Amino acid sequence: MTQTVSRPSESSGVARNAPLPLDVEAIRADFPILTRTVRDGKRLVYLDSGATSQKPRQVLDAERWFYENVNAAPHRGAHQLAEEATGAYEAARATIGGFIGAPEQEIVFTRNTTEAINLVAYALSNAATAKEPEFRTYAVGQGDEIVVTEMEHHANLVPWQQLCERTGATLRWLGLTDDGRLELSNLDTVINERTKLVAITQQSNILGTINPLGDIVARAHEVGALVLVDGAQSVPHQPVDVTELGADFLVFSGHKMLGPTGVGVLWGKYDVLDKLPPFLTGGSMIEVVRMEGSTFAAPPQRFEAGVPMSAQVIGLAAAVEYLQALGMDAVEAHEKALTGYALEKLAEIPGVTVIGPPDTVARGGAVSFTVEDIHPHDVGQVLDDHGIAVRVGHHCAWPVVRRYGVPATTRATFYVHTGYDDIDALADGIRAAQKFFGTV
Amino acid sequence: MQLENMYQEIILDHYKNPHGRGLREPFEAEVHHVNPTCGDEVTLRLHLEGDTIADVSYEGMGCSISQASVSAMYDLVLGKTVPQALEAGEHFMTLMQAKGDPSVAEKLEDELEDAVAFAGVSKYPARIKCALMSWMALKDASARAWGGPA
Numbered sequence: 001m002t003q004t005v006s007r008p009s010e011s012s013g014v015a016r017n018a019p020l021p022l023d024v025e026a027i028r029a030d031f032p033i034l035t036r037t038v039r040d041g042k043r044l045v046y047l048d049s050g051a052t053s054q055k056p057r058q059v060l061d062a063e064r065w066f067y068e069n070v071n072a073a074p075h076r077g078a079h080q081l082a083e084e085a086t087g088a089y090e091a092a093r094a095t096i097g098g099f100i101g102a103p104e105q106e107i108v109f110t111r112n113t114t115e116a117i118n119l120v121a122y123a124l125s126n127a128a129t130a131k132e133p134e135f136r137t138y139a140v141g142q143g144d145e146i147v148v149t150e151m152e153h154h155a156n157l158v159p160w161q162q163l164c165e166r167t168g169a170t171l172r173w174l175g176l177t178d179d180g181r182l183e184l185s186n187l188d189t190v191i192n193e194r195t196k197l198v199a200i201t202q203q204s205n206i207l208g209t210i211n212p213l214g215d216i217v218a219r220a221h222e223v224g225a226l227v228l229v230d231g232a233q234s235v236p237h238q239p240v241d242v243t244e245l246g247a248d249f250l251v252f253s254g255h256k257m258l259g260p261t262g263v264g265v266l267w268g269k270y271d272v273l274d275k276l277p278p279f280l281t282g283g284s285m286i287e288v289v290r291m292e293g294s295t296f297a298a299p300p301q302r303f304e305a306g307v308p309m310s311a312q313v314i315g316l317a318a319a320v321e322y323l324q325a326l327g328m329d330a331v332e333a334h335e336k337a338l339t340g341y342a343l344e345k346l347a348e349i350p351g352v353t354v355i356g357p358p359d360t361v362a363r364g365g366a367v368s369f370t371v372e373d374i375h376p377h378d379v380g381q382v383l384d385d386h387g388i389a390v391r392v393g394h395h396c397a398w399p400v401v402r403r404y405g406v407p408a409t410t411r412a413t414f415y416v417h418t419g420y421d422d423i424d425a426l427a428d429g430i431r432a433a434q435k436f437f438g439t440v
Numbered sequence: 001m002q003l004e005n006m007y008q009e010i011i012l013d014h015y016k017n018p019h020g021r022g023l024r025e026p027f028e029a030e031v032h033h034v035n036p037t038c039g040d041e042v043t044l045r046l047h048l049e050g051d052t053i054a055d056v057s058y059e060g061m062g063c064s065i066s067q068a069s070v071s072a073m074y075d076l077v078l079g080k081t082v083p084q085a086l087e088a089g090e091h092f093m094t095l096m097q098a099k100g101d102p103s104v105a106e107k108l109e110d111e112l113e114d115a116v117a118f119a120g121v122s123k124y125p126a127r128i129k130c131a132l133m134s135w136m137a138l139k140d141a142s143a144r145a146w147g148g149p150a
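These protein sequence lines are chains A and B, in that order.
Taking full-length UniProt numbering, the leading residue of the first sequence gets 1, the next gets one more, and so forth.
Taking full-length UniProt numbering, the leading residue of the second sequence gets 1, the next gets one more, and so forth.
Calculated from the structure, these hints are not laboratory results.
Derived DSSO-like pairs (lysine-lysine); straight-line CA-CA distance at most 30 Å:
id, chain 1, residue 1, chain 2, residue 2
1, B, K129, A, K42
2, B, K107, B, K123
3, B, K16, A, K345
4, A, K435, B, K123
This one's a predicted model, so the numbers in the text were calculated from it and none came from an experiment.
Bound-form chain B, shown alone (with noise of 0.2 Å):
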């Protein structure tokens, strides 16, 4: 069956039971991402300690892709420097990008941990975005971190 190719058990715990939710000081960047076609929203603080990410901490409303996705990279992106998480990112868009072609699911076990389990997504371009969305919220929060005042 289709379904549970895409709903990993791993993505329902994630779902169920999701890691780091809630939003914590301090922080350096806080984002606000929303996905315009089904209004989607995450909210997300980033601490950095030097150039290691301290704390990642979101607040967000959606579906069980985007809500998984962001616990699954919690867990992934807490304790990595920034660009080991920015690596780790653009491994996840390799991901989705995949067309659920299993090989490239199998590179990348080691890089993306429980993420990998996302790999069934990336054969609904509709649901991509949904999976995508707290990766570029992350994106986005690293830049300004490391942009402006610590």
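Next comes chain A alone, as it looks inside the complex (with noise of 0.2 Å):
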């Protein structure tokens, strides 16, 4: 069994009364939901943001704007509710695009991050069929290799195995380091020449762990792979600008950031979603139909079938107008601030054991912990007996927990709302856990 032991170090140092870097009450007087109370009349401290994260009424308002002003299918009909609905649509793609330093016709709206991944994965393996010689570009086949890392969600692993079973690709992956780093000693082997996409995360939403992306970037592009990065945990908390990431796709979800469920991002270098075939087809993404056959739109209506999730884009828009108000440069810093000092308490207790880096160097707010002869389903019982929201079990990494030698994790994420009141309140809830399963 190897697991990865917590030690506070000089860089995760944060005393209580350091402050925080966002005013954590202000903000939370725009979180409708954490006036509730839950489990009799407790306070709700939400650390189940890594999840999906709780929404601002701002978010709120901007959904019921479109709704009650100008609600209509996008891109369709003449009439002047379609042309607001359609300006109000594409403004937002505008809004989402700069978010992350992108022009809008490189950002396709999913239905979330496991659909934009899908959306590549299908894309690559409906190459190798593709009547027209320009989708084939990309196409993966027998000899090929698609390359994840041993850290990724569900999402970022399960649609590339599946590819390689259509297409007679073979996977390979990056391991991971005892303290929860990816083993890069073998990235020249991993990632050669036969390799034709690298599926990445940012950052685990198990571990917390940052990647260094650009060394794994470089060494792709040097072999002329595709990157594809796993935003979904990183783009909601840090600064993050695809001409900076150079990689070809990032992905992410809205409700992850503040925003609506149903709404996810797939942005790609635009010459490279130029050559992909779509993967769902129907309506609005086509150019001419006729009953023997039909070609398609450019990017990125390609990848938009169907009446698009108008109302949850419109709400997204105004969950990045929100984080943009804030600053995503101080929404790190804080999140930095709390993850330093959740460390320091965990560290505090005996029986607790961090699975990750120990300390806040390259690491986000995710703190997965297990808490010494008491199953994680049962430490977040306690826990949500105290009011406390967090996640228990294998967090869509199932490898990583096996990885680490444990059966399950219970986790903590931060976000904009969090404070030091929060982890305290997480502190003494595993306490208690303790207490009450009498394991000290």
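Fit the two chains together into the complex; they arrive one by one in their own frames, and the hints show the way.
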């Protein structure tokens, strides 16, 4: 059994009285759900933003504004509502693109991160049988390799396993070190001339690790492979600029960044998107349709079949504006301070082991841990009884918990409304669990 | 306090000192069940003499509810016929669907013995699967042991 042991280092030293970068009380006032109580009148301590974030009133208002004022199907119809709905939808695309430094024509709306990854995976296998020669550019087949890492969320693993099964390609992966980082010593052999695509998370949803993407992107491009970055846990929590990132695709979900459920984003370099065949087909993604066959629209429309999730896109743009007003540098600094504080508080509790990097260097605000002799489900149940919402289980990253020899973990994740008081509550709750189960 | 309601003393006793734990020979069926939402696992072997359950042996990892449930099930079904054990499983399922209604637990007290202590779990939808996992494994093993070569 290999586990990573948390030891507070100098870099994680955060005093309780150091003011947090964000005004937590003012932010909490924007989130209606934080005023409710749970489990017999307890204050809701929401430490599960990594699963889905809560929504500020500004996002809810934007969705309501859309439905009450301009609701119509975008890109269809010539009536005034259709024009205004299209205008709002496309303005939102520009806002969301701007958030990651991308032009609007490189932003494709999907249902969520999972669907965005599947879109790329299916486009790569559809490429093999596409009748248009340019759509075969990135075809994946026998002898080709797809590279992932052992720390991927199932959403960035299973679609690639399935792509390999459909095409005869081989899946390879970068392993993990004992302290929750990527094992990069064999980078040059795992990513090689046969590699067609590297799919990698920017921040692990379970370990909190922020990966050194620069070296990996450079190696992938050296051998001519595409790079897809899973930004589901990074885009909501730190500044991300696609030009700096240098990858070919970036995917993320609206619901993890204060936005509505049902909307996610695939960003792709235009020249790459332009050479990909469609994934889902149907209305509004076409150029010309005849009974004998059809041709397809240019990106991003080629990848947006059917009436889109307009209100959710408008809501996501409002979420982006909310985050921009706070400043993503401040959001990142806020979570770093909280993570350092949490690592210190957890290290003070005997029997608690953090799974993941032990300090705040290249680490985000997802803190997984085990409590000796208490199963994570039981830890989570006691925390829930105290009004604290955490995630328990394998966090859709089963290979990671297996790698560290634990059946599951308890995970706390932070966001803009999280304060020191939430982390104090978590530490008290863990102690209460130890008392309840008689392990101390 | 709600916690004590769910984690009855009987449950914690079974969790700390499980009855019948460990895999044993002989057996006619072995099944492996997993709860894919949390990763809890149980491997369960069933040994029949005629239609009577002569042994249920098991190994597993999981939360207190899942581990205590298999221990209480062991006590309940040992020496019963397969149809009787499956009937007990149906009673347990009824208990899990009771949403914490105490009258359901009262009615099933004689049939379920210690397993009636899991009544509080039925108030927590996320935990019902934990309590049911071993019963599902037993049902599966019964089907195999009866259908397969003895």
